[in-house]
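J.: For the record, the sequence lines run as chains W and X.
All residue numbers for the first sequence refer to this note's numbering, where the first residue is 1 and numbers rise by one.
All residue numbers for the second sequence refer to this note's numbering, where the first residue is 1001 and numbers rise by one.
Keep in mind that the hints were calculated from the coordinates and are not lab data.
As the structure is a computational prediction, the values presented were derived from the model and not from experiment.
Where is the CB? At the ideal position from N, CA and C, for every residue including glycine.
It cannot be assumed that every hint is accurate.
Calculated lysine-lysine pairs in the BS3-like style (CA-CA distance at most 27 Å, straight line) [as the list claims (entries may be wrong)]:
no.: 1; chain 1: W; residue 1: K11; chain 2: X; residue 2: K1042
no.: 2; chain 1: W; residue 1: K78; chain 2: X; residue 2: K1042
no.: 3; chain 1: X; residue 1: K1058; chain 2: X; residue 2: K1071
no.: 4; chain 1: X; residue 1: K1037; chain 2: W; residue 2: K11
no.: 5; chain 1: X; residue 1: K1022; chain 2: X; residue 2: K1042
no.: 6; chain 1: X; residue 1: K1068; chain 2: X; residue 2: K1022
no.: 7; chain 1: X; residue 1: K1057; chain 2: X; residue 2: K1111
no.: 8; chain 1: X; residue 1: K1037; chain 2: X; residue 2: K1022
no.: 9; chain 1: W; residue 1: K11; chain 2: W; residue 2: K57
no.: 10; chain 1: X; residue 1: K1037; chain 2: X; residue 2: K1111
no.: 11; chain 1: X; residue 1: K1042; chain 2: W; residue 2: K57
no.: 12; chain 1: W; residue 1: K57; chain 2: W; residue 2: K78
no.: 13; chain 1: X; residue 1: K1042; chain 2: W; residue 2: K14
no.: 14; chain 1: X; residue 1: K1037; chain 2: X; residue 2: K1058
no.: 15; chain 1: X; residue 1: K1058; chain 2: X; residue 2: K1042
Covered by chain X, per the in silico footprint, the following chain W stretches (three or more residues, Cβ under 8 Å) [to be verified]:
no.: 16; segment: 39-47
no.: 17; segment: 106-113
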Amino acid sequence: GAGVSQSPRYKVAKRGQDVALRCDPISGHVSLFWYQQALGQGPEFLTYFQNEAQLDKSGLPSDRFFAERPEGSVSTLKIQRTQQEDSAVYLCASSPVVAGAGEQYFGPGTRLTVT
Amino acid sequence: GENVEQHPSTLSVQEGDSAVIKCTYSDSASNYFPWYKQELGKRPQLIIDIRSNVGEKKDQRIAVTLNKTAKHFSLHITETQPEDSAVYFCAAMGSTSGTYKYIFGTGTRLKVLA
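Here chain W stands alone, though its shape is the one from the complex:
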């Protein structure tokens, strides 16, 4: 079946531009996570959705980062006024598990480069 997909796969933005990154989770998965992975590092948690509700945004590094999942399926991560330190791979993951431990299925990521 179809896995988690993300678009675009690569994005180059000039410093100060706004970007929008899209995640299509596996159909029916209630939980959706965004992670930021810097080069040579492990993914770091950004935010979590349960259906359309954003239950945890404690990992968002600044108020320039905003995420939404208005209909409980597709999610968008928006970064305003991009800075060089925002350059990273942004991973989306979805899970059928609502409240408990279970596998998260990752998308291929969007590599953002801010010049």
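Keeping the supplied structure of chain W fixed, place chain X upon it in accordance with the hints.
T.: Showing chain X alone in chain W's frame:
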């Protein structure tokens, strides 16, 4: 805050030898410990996981052990093959914040030399 430490950062082994990667976590409420394999430019893929009520789990050449008292867990790969070369991440999942998020280690780059 929640933290996962992973060692070593790089590991080279001869084909056929064993590889061991170790992780330590800080959140005593963590109850699920997955291991992901990430090849260059690819998405992380789950290879094995263990829950806190189990001390050891094995799947063919891969095994994971968990010591809850010491708050550490390890990945063991036996009879390594060149296709095992990748970056491996451990993670711990807890719910102290109400979110079942993963806290990842910093990764181990495994090279299996033919």
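J.: All hints, please: hold or fail.
T.: Here's how the hints hold up against the structure:
1. For the suggested pair K11 (chain W) and K1042 (chain X), the alpha carbons sit about 16 Å apart, so the restraint of at most 27 Å is met.
2. At most 27 Å may separate the alpha-carbon atoms for a hinted pair to count; K78 (chain W) and K1042 (chain X) meet this at roughly 22 Å.
3. With a CA separation close to 19 Å, the supplied pair K1058 (chain X) and K1071 (chain X) stays within the 27 Å bound.
4. Note on K1037 (chain X) and K11 (chain W): the hinted pairing holds, with a Cα-Cα distance of about 24 Å set against a maximum of 27 Å.
5. Using a Cα cut-off of 27 Å, the hinted pair K1022 (chain X) and K1042 (chain X) holds, with the two alpha carbons roughly 23 Å apart.
6. Taken as a hint, the K1068 (chain X) and K1022 (chain X) pair is honoured in the structure, with Cα atoms around 14 Å apart against an allowance of 27 Å.
7. The hinted pair formed by K1057 (chain X) and K1111 (chain X) meets the criterion: a straight-line CA distance of about 24 Å does not exceed 27 Å.
8. Simply put, K1037 (chain X) and K1022 (chain X) have alpha-carbon atoms about 14 Å apart, close enough for the 27 Å limit, and the pair holds.
9. Of the pairs offered as hints, the one joining K11 (chain W) and K57 (chain W) holds, with about 23 Å between alpha carbons and a cut-off of 27 Å not exceeded.
10. For the hint pairing K1037 (chain X) with K1111 (chain X), the CA-to-CA distance comes to about 13 Å; that is within 27 Å, so the pair holds.
11. With a C-alpha separation of about 26 Å, the suggested pair K1042 (chain X) and K57 (chain W) falls inside the 27 Å cut-off, and the hint holds.
12. Between the alpha carbons of K57 (chain W) and K78 (chain W) the distance comes to roughly 13 Å, so the proposed pair stays at or under 27 Å and holds.
13. Distance hint between K1042 (chain X) and K14 (chain W) is fulfilled; the C-alpha atoms sit about 25 Å from each other, no more than 27 Å.
14. Note on K1037 (chain X) and K1058 (chain X): the hinted pairing holds, with a Cα-Cα distance of about 16 Å set against a maximum of 27 Å.
15. For a cut-off of 27 Å, the pair hint linking K1058 (chain X) to K1042 (chain X) stands: about 25 Å separates their Cα positions.
16. Residues of the segment 39-47 of chain W lying with their CB closer than 8 Å to a CB of chain X number 6, which satisfies the three-residue condition for coverage.
17. Beta-carbon proximity to chain X at under 8 Å applies to 4 residues in the segment 106-113 of chain W; the threshold of 3 is reached and the given coverage holds.
In terms of the numbered hints stated before, the structure departs from none.
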